Amino acid sequence: MSSQQVFVPWDAGCTWYLVRHGQTEWNRTRRIQGQSDVPLNEHGRAQAEALGKRLSDVRFDAAYSSDLSRTMESAELVTAARACEIVPTPELREFSYGEWEGMTIAEIEAQAPERLRRRLQGRNEDFAGPGGENACDVLERVRAFYERALQRHGAGDRLLVVAHGGSLRALLVCLLDLPAEHFWRVHLDTASLSIVRSFDGSGVLHLWNDTRHLASIGALDEEE
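Just add 1 to wherever you are in the sequence shown, counting from 1, and you've got my numbering.
Honestly, I wouldn't trust all of these hints.
[What the hints assert, rightly or not] Computed beta-carbon distance windows for the label pairs: (1) D62 with A107: 38 to 48 Å; (2) E110 with R186: 19 to 29 Å; (3) S217 with A84: 22 to 32 Å; (4) S217 with S37: 22 to 32 Å; (5) Q112 with A84: 42 to 52 Å; (6) D62 with H183: 21 to 31 Å; (7) D138 with L206: 18 to 28 Å; (8) A145 with D62: 19 to 29 Å.
Don't read these hints as lab results, they were simulated from the structure. Note that the structure is a prediction, hence the values are computed from the model and not measured. Positions of the beta carbon are idealized from the N, C-alpha and C atoms, including for glycine.
Between the sequences and the hints, there should be enough to build the whole structure, so can you do that?
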């Protein structure tokens, strides 16, 4: 994170509302989704609706979502109380986990225990499933979205971004100018809310992985 901008006036830069999609059946059963197009389950829809109620008074100047169905539906539910065009954004897709997609964590651990352990311990930005992407690959495409958004939006804009655990980690790295090795050191729950304000290339983290709106619904410790 840049040390040049410690205080950012609320209306000086962009405010980014970062939302991870609601729960799917593959989340519930701890199955790796990646870019497999798995829809929300009933619980996930309730999570997104709860977050929508929490944000009902926020006027979004733009709303971007990964083009996978679990994120698009989450974005629609979050913005249901207001007229807001949702822009499908392929760069915000989750990691491709290659051959691991559809497998459970237990199955992958049995197949490649040391490889998975390094990922779960928050190390190795080169980590990838067989035939899949690593963190550097995801950072490259998410950074393209981030730089495009900076050109399009200015002071006072509020941006909603609905995406996945992996792509939101990448966006945080961009917003806060973090080293790539920090990529795996943060976690996001389903339907969580994070808020970052950015100004002139500097980012300030105001809220991370907040799920207070899910108090009456509940959440699981899930994988991507």
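A quick look at each hint next to the structure:
no. : hint                       : in the structure
1   : D62 with A107: 38 to 48 Å  : holds, 43 Å
2   : E110 with R186: 19 to 29 Å : holds, 20 Å
3   : S217 with A84: 22 to 32 Å  : holds, 28 Å
4   : S217 with S37: 22 to 32 Å  : holds, 30 Å
5   : Q112 with A84: 42 to 52 Å  : holds, 47 Å
6   : D62 with H183: 21 to 31 Å  : holds, 29 Å
7   : D138 with L206: 18 to 28 Å : holds, 24 Å
8   : A145 with D62: 19 to 29 Å  : holds, 20 Å
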